[in-house]
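Each chain, letter by letter, is given below.
Protein chains: 2
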Amino acid sequence: MELGSSNTHVADVTISAKGYVAGVAGDAISRYMLLINSEHFSSPLDWNKGVAKASGHFGGLVVSVLSNNETLDLETDESYTLDIPVNGTGSLTAKTSYGVVIRNTPIHIEDAPFFPHRGLQVDTSRNYFPVSVLKRTLDAMSYNKMSVLHWHIVDAQSWPVESKTFPELQKNGAYSAKETYSYADVKDLIQYAKNRGIRIIPEFDVPGHTYIVGEAYPELMSCMDVQPNWDKYAAEPPSGQLNIAKPETIEFTNKLVTEYTGLFVDNVFHLGGDEVNRNCWKEDPDVIKYLAAHPGEDVESLLSGWYSKVHDHLESLNRTGYSWEETLFHSTYTPPKDTIIQTWIDEQSISKTVAKGYRSVASPAAYYYLDCGHGAWLSNWVNGNSWCDPFKTWMKMYSFDPLANITDPEEQKRVLGGEAVLWAEQTDEVVLDGRLWPRAAAVAETTWSGKRDANGRVRTTEEVASRLHEQRFRMVGRGIAAEPMQPVWCVRNPGHCNVPGA
Amino acid sequence: MELGSSNTHVADVTISAKGYVAGVAGDAISRYMLLINSEHFSSPLDWNKGVAKASGHFGGLVVSVLSNNETLDLETDESYTLDIPVNGTGSLTAKTSYGVVIRNTPIHIEDAPFFPHRGLQVDTSRNYFPVSVLKRTLDAMSYNKMSVLHWHIVDAQSWPVESKTFPELQKNGAYSAKETYSYADVKDLIQYAKNRGIRIIPEFDVPGHTYIVGEAYPELMSCMDVQPNWDKYAAEPPSGQLNIAKPETIEFTNKLVTEYTGLFVDNVFHLGGDEVNRNCWKEDPDVIKYLAAHPGEDVESLLSGWYSKVHDHLESLNRTGYSWEETLFHSTYTPPKDTIIQTWIDEQSISKTVAKGYRSVASPAAYYYLDCGHGAWLSNWVNGNSWCDPFKTWMKMYSFDPLANITDPEEQKRVLGGEAVLWAEQTDEVVLDGRLWPRAAAVAETTWSGKRDANGRVRTTEEVASRLHEQRFRMVGRGIAAEPMQPVWCVRNPGHCNVPGA
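Protein sequence lines, in the order shown, are assigned to chains A and B. Just so you know, the first sequence maps onto residues 1 to 502 in UniProt numbering. Just so you know, the second sequence maps onto residues 1 to 502 in UniProt numbering.
Bear in mind the hints are in silico, worked out from the structure with no lab data behind them. Ideal Cβ positions, reconstructed from N, Cα and C, are used throughout, including at glycine. Take the hints with a grain of salt, since some may be wrong.
Unchecked claim - Estimated spans, in silico, between C-beta atoms of each pair:
| hint | chain 1 | residue 1 | chain 2 | residue 2 | range |
| --- | --- | --- | --- | --- | --- |
| 1 | A | S466 | B | R278 | 44 to 54 Å |
| 2 | B | S132 | A | S132 | 21 to 31 Å |
| 3 | A | L35 | B | S132 | 36 to 46 Å |
| 4 | A | E463 | B | E275 | 26 to 36 Å |
| 5 | B | P409 | A | R278 | 49 to 59 Å |
| 6 | B | E463 | A | P247 | 39 to 49 Å |
| 7 | A | L35 | B | N87 | 39 to 49 Å |
| 8 | A | S67 | B | C388 | 32 to 42 Å |
| 9 | A | E463 | B | G450 | 49 to 59 Å |
| 10 | B | I288 | A | N405 | 49 to 59 Å |
| 11 | A | E168 | B | E275 | 56 to 66 Å |
| 12 | B | Q348 | A | K282 | 28 to 38 Å |
| 13 | A | E168 | B | S132 | 42 to 52 Å |
| 14 | A | K282 | B | S132 | 51 to 61 Å |
For reference, chain A alone in the conformation it holds in the complex (with noise of 0.2 Å):
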């Protein structure tokens, strides 16, 4: 069979609402009536068995909005209560829009998440994805009642992103003309995205990762694609960093800052900071000359320094920076307090960062990274395996809890939820979908319901299995290309697939 093909719905649901349903809400009732009576989906379990049959009559689902307030932020309250009684109309009720976005199975459920960012990060600079692939990964994440897309936009190797301040990065650093993103749709995903009750978060990278920057604007730039050592200089090819001893690359980065916080609405940005080189400055000449006519500074001070301009300016735009853990842990430089510190170095960074008063995303590699596994990609490097080494399974990404070693309940607080992180470069459209899901979801489940059931029991990745298989094989049947976990015997015989004594 086509997987998912068969059809089990008996007749069409229909949805109707009260309250505040224009906007969010509204979009969330057509876009599910249309898909819940047009979706075709039918458990792996259940292919041998014929249609489900219903045993009452199901007289629709009434949807109630208490508030009016759109707003997308940290404070969202997504909570909502589902009753489905036996025969007649259900009820689905939820403080604001954003309660009612996700579908959800029937009963009296009383839902809400345990962390407010649930995210997954995207990389459209090492292989550019269409917009309408981008649409399927929100899709796909709504499903899974995910609230971030970040959206890790721009990087050394391509610039696909319009910029009305500075059009060369586009012209200079697209990988063509259609791979690009405008203005438009930017707006259309960021949209796209509230409908679905996902904030978009952009992330620009600086000062290193931004080689492409120097297609456009070489003067502003340090070590450029230096060959074949690029390892002196980068963590990957091509090297080239923002040069820290020019006040123009201060100018140039808060102009692109004064643009794409206007572009991207959201109260949060990414200035990334991750895997800045030191030698890429050392070796620069207008550092070196900079370092000689400025006595008691040198390449940490001018790095911390040029962080407190971009993050000043951050700040006076009202938006809430966000990094990657070297700005707070491997710099001299102290961001502002409220900057929230996305770790993926070490476990530990998350408890490190929240016993520092400052609030964590947890991304971390050996578990939340789902590009790792997939071997070397440098043309000559034979015998090369993935930097983060091994793949990490669904089950290990399920294991872990944001929340480990943290006592303290205010530190607790500090820890925002986690993201699953898509590094591009052995990815493009072509096999995004299988890359991302079902792992992905492993990660949405914890950080919507936190690591214990009801009754504080850790829950296991054995029960969660049956589950997941069943959601897996949802989103195929919607068209997210999600990757098989088990051989289907497995599916039908849960237990009967686990490794004794773990």
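Put chain B on the given structure of chain A with help from the hints.
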């Protein structure tokens, strides 16, 4: 842009024929006329460059086939000569139809394969693949000049193929009534493959990996689905092996071999023989009883006798046996001398096989296994990794030489080639293409061209990368969802994405 969506061809290409061009060659000519004139592909190198211009006028291609022999086996002559002048008509001359099946690029080419057996193994038991997906895989194989589809058609988890002798096998063993291969499907696939110069060799893996037989005939089995300690009895769940103490299992197997050597016309037939587990039999009541009644016999002698009766039967049907290396190296049985041994456990097994006088096909897990590196798939194995970690990159696959450490010319001749292998525990139709391609193309090239160029120099992956990128994007343009190897930046900047000093 949609990958490979721009169309670079200028005018329709005509292909005409001389000699024996009915049947296979005629089909190939029609197919390639259509493909060449309708495909949408542009090299990623050219996305910003516009359409390439022709320097002369190409007057079409004349294809000549010198023999009407359409037999497809290890002896088939696949050589061809291609000439494309600057202006006028090109010529493609081949000894048999199978020399013209594969499209190639211009100028003067005299070409013939280094190895006759250039294979890909797919596994349709762990998860099912529709006929359409297998056809797409055969298309992709033909684009890469591969000559053998090794169809691992049944295994422990499901029995998708029709049997007229034992209809209960499919009835009880297929995942669903739709997830099956009828006789008509198999015949259709064999013809489809033949038209592309590809043989289909089926594998019916006995006596291990046969749990699913017990869903129809439990009386034939030992150690059926032992839980939770399946690991004592099998390499993966569910456990279950044909009971070698029962003559009925020989009769059963030989009837199947008779039936399927009729359906699968190839003169080679794979009998499996991998990962046979002795504990399964040592604890079986029938085996215990039999051995008690037959002093001097043990499990090894029982197994050896069992193999003997099955392999002798296959020989009596004028078929060549094909077996995993355990049959030769990890049992006391001595297979017939014409048996082809597929090595997978140890790279040294190839030289050992040919030193023993047997022919060998190389499938070393450490190089050629396409499923490795995808993590554990047992539901509760949070910290488990892939049994054959790490992931095998295309560079790793390319680096393998089936002739390594074999110096004797007669022994070299007994190395028939190589097979890339995909086991499908974590793969189904949704993600198949990306698991196979472009990595299997690396094996295709080394088995077609050998490890060395015309000057005797070993080709490096660095120099191969550009043409493999091109081939990957070409496959995507033809509807094969092959995975990307690198960021497009690396595709565009050959030599800039290498590891220093490798």
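Task: Violations among the numbered hints - done: 1, 3, 7, 8, 12
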